[in-house]
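Engineer: Chains as they are written, first to last, in the numbering used here: chain A, 1 to 365; chain B, 1001 to 1393.
Treat each hint with caution, since some may be false.
Keeping only pairs whose Cα atoms sit at most 20 Å apart, straight-line, the calculated DMTMM-like set for lysine to aspartate or glutamate is [what the hints assert, rightly or not]:
#1 B:Lys1340 to A:Glu87
#2 B:Lys1193 to B:Asp1150
#3 B:Lys1340 to B:Glu1356
#4 A:Lys352 to A:Glu340
#5 B:Lys1319 to A:Glu331
#6 A:Lys179 to A:Glu190
#7 B:Lys1316 to A:Glu331
#8 A:Lys223 to B:Glu1347
#9 B:Lys1319 to A:Glu330
#10 A:Lys233 to B:Glu1104
#11 B:Lys1122 to A:Glu342
Derived from the structure by calculation, the hints contain no laboratory data. Just so we're clear, the structure is a prediction, and the values are computed from it rather than from any experiment.
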Amino acid sequence: MSASAARFATQVRGMLSRTPRSASSGFIACTLRIPQQQQQQQVSAVCVSMQPTVMRSYSTRPAEADHQHVRPKVTLATLRKLYKRREPITVMTAHDFPTGTLVDKAGIDMTLVGDSLAMVALGYTSTSDITLDEMLHHCRAVARGTRSSFLVADLPFGTYETNPDQAVNNAVRMMKEGKAEAVKLEGGKEMAPTISRLTKVGIPVLGHIGLTPQRQASLGGYKVQGKTVTKAKAMIEDALALQQAGCYAVVLEAVPEPVARHITNTLSIPTIGIGAGAGCSGQVLVQQDMLGLYGRVPRFCKTYRSLADEIVGALREYSADVKTGAFPAEEHCYPMPQDELERFMRSISEEKQMVERKNHATGHA
Amino acid sequence: MATPTRVAANQLRRAFAQATVPRSSRSSHSVGLVAYPALKLSENMTTAHKLCAFHSTPSQRPTAHPLCAQKRSYSSRPSEAEHLHHVRTKVTLATLRKLYKRREPITVMTAHDFPTGTLVDKAGIDMTLVGDSLAMVALGYTSTSEITLDEMLHHCRAVARGTRSSFLVADMPFGTYETSPEQAVANAVRIIKEGKAEAVKLEGGRELAPTIARLTKVGIPVLGHIGLTPQRQASLGGYKVQGKTVAKAMALLEDALALQEAGCYGIVLEAVPEPVARHVTNMLSVPTIGIGAGVGCSGQVLVQQDMLGLYGRVPKFCKTYRNLADEIVGALKEYSADVKSGAFPAEEHCYPMPQEELVKFLRTVGQEEAAKVAMEGHRHKVEQKPVAEVAMA
Chain A
1 MSASAARFAT QVRGMLSRTP RSASSGFIAC TLRIPQQQQQ QQVSAVCVSM QPTVMRSYST
61 RPAEADHQHV RPKVTLATLR KLYKRREPIT VMTAHDFPTG TLVDKAGIDM TLVGDSLAMV
121 ALGYTSTSDI TLDEMLHHCR AVARGTRSSF LVADLPFGTY ETNPDQAVNN AVRMMKEGKA
181 EAVKLEGGKE MAPTISRLTK VGIPVLGHIG LTPQRQASLG GYKVQGKTVT KAKAMIEDAL
241 ALQQAGCYAV VLEAVPEPVA RHITNTLSIP TIGIGAGAGC SGQVLVQQDM LGLYGRVPRF
301 CKTYRSLADE IVGALREYSA DVKTGAFPAE EHCYPMPQDE LERFMRSISE EKQMVERKNH
361 ATGHA
Chain B
1001 MATPTRVAAN QLRRAFAQAT VPRSSRSSHS VGLVAYPALK LSENMTTAHK LCAFHSTPSQ
1061 RPTAHPLCAQ KRSYSSRPSE AEHLHHVRTK VTLATLRKLY KRREPITVMT AHDFPTGTLV
1121 DKAGIDMTLV GDSLAMVALG YTSTSEITLD EMLHHCRAVA RGTRSSFLVA DMPFGTYETS
1181 PEQAVANAVR IIKEGKAEAV KLEGGRELAP TIARLTKVGI PVLGHIGLTP QRQASLGGYK
1241 VQGKTVAKAM ALLEDALALQ EAGCYGIVLE AVPEPVARHV TNMLSVPTIG IGAGVGCSGQ
1301 VLVQQDMLGL YGRVPKFCKT YRNLADEIVG ALKEYSADVK SGAFPAEEHC YPMPQEELVK
1361 FLRTVGQEEA AKVAMEGHRH KVEQKPVAEV AMA
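Kindly produce the complete structure, drawing on both the sequences and the hints.
Structural biologist: Here is the structure:
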């Protein structure tokens, strides 16, 4: 590759890696393909076009940033604005680059790298099985695909309960190494001191009360919370404590609608509900659930697609195509220059003849 | 916990532990094995039905729900192995050999995590490949060479958790096998042991034959890979089709024969003109798996995200079977619109509260009106239709 082309390519790569969360509208990314052969001297720059034509390119080539309109970055101020004007806040989980990219593309306000990925992406039997390093790995991948959406990540079970110092250390890792913009951790008033520490050193915290999956064993299973007056009142106290500790919002999970609504009305920060009714300031769902990817769907989740069936169907079609020889067809193949092809076929048949002659000779030996 | 409950719980736990070993030979006899997740049973649980989440309250759920045919359960509950009424027999090297011998094309598909691996397995694909293409399509790196062995192991493990019958092979990432045969063996062993793969794939031709011979000698099955080898794209001058001249084609053939000699059970041919790939296939006595190499190979492989239209730009040799990026963005936009308009969540998505508690609660927080409404509304509901059952006890 020529020196100037290499420099340009490096610049492009640099731009791509820096894009994640800047307001980079109108950014055009080009990849240069400079063949080594002397015959093709021209530089064929592949630019992402304005028109949504299907670009054919090698799959292991990096995805290019498309330069369509990039919405302004969602920050805590944006969320505050939405809350103030009573516009519901949308939140969706993501666990890797493509899922994060699509959530961002769909204009979702907040992306959550939830520890639900332990089960829906990694197949663990419990969310408590995932380690901080694994969460960091997935958070980084989501961050690479996130440009505008506000990115928050779960602190997994065991990384914040011991003491506030531990929580600060691990939250810092999540921000620095995971590239998250905020962290979420489960717990009520008992977590207030820890959360205070985090918010004091400038780490935004999303609270989480109600059914807290990391604690499902101690809650006696995955059960709806706050169904009695006592429990509901305790939950209100928890929510207020979290607000006092500096949470920018609180997730309410699996809580009866009237209770969630009351908590929402009592607080002056947004509530994000999941299985908590329409009285919350926003909603969150697990992406695999709402896309019908994971099989069994919780009651509070509306399935918008049935992707497990779609994908298995597509894979079966591929399988049938391969078994019957329908795929690959001619359009899927690479041609060979005609003269080379002829020479090749000739040399093959020559070789074949040589081998046959040899066999014939040895056969008669 | 009552004694019979505890005994049953232990039995379930054992049954599940056995069920999570998909690749021993005895799994071929485990048709009809029902696996239940090892539930974290708390001391407070008294009802026996909680042992078996599979048969728990979903069956008692309200039938008025439009999606009542689906099983409703808590999403953070582990997925349960469905009743394995027709688990196909485990695909082994012997199976692949059989397919090859009777000239039945071998299907291969990539996967990078638990759901993608599960779906490939469900679809009956012969071989699952945890490819280092995941560096770009799943992790968003700018090159496949950026992924580390630990990252590959992490993803391989996740795929393995979802793989029961398909034969599982994983890529050795760039930098983990080129230095010496010893290095290759050490890392391949990690992929088999920690990654739970059954075979490894590595890129290269005859220069890697000694390394591959070492691996196959110590019993590690190896899938070769020649033609366009993405880890070496820089040295190849880019992502270009390989073997387009007679000289290159012949060199490719020599590479293939060397790999066969070294003990490869199959060889991936990537981005090679069809006649060349066909010829190489005919000259070998091990299967070739083609990608962008034409229909003359013994099998085919594609990157899952490409063929599902998830990744955006699609290579020439890939047929897109779906356009999932658009599907998913569409679904997410619908969700967003539903939330913004308050259409979601609707009543069927919510958890009810026992009526007396609700009334008491509303009174306690000073909402007398709402309390009255709740009392009236509940009576009204009782008269009109059956009250929705509480989700979980």
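Engineer: If you check each hint against the structure, which ones fail?
Structural biologist: 3, 6, 10, 11
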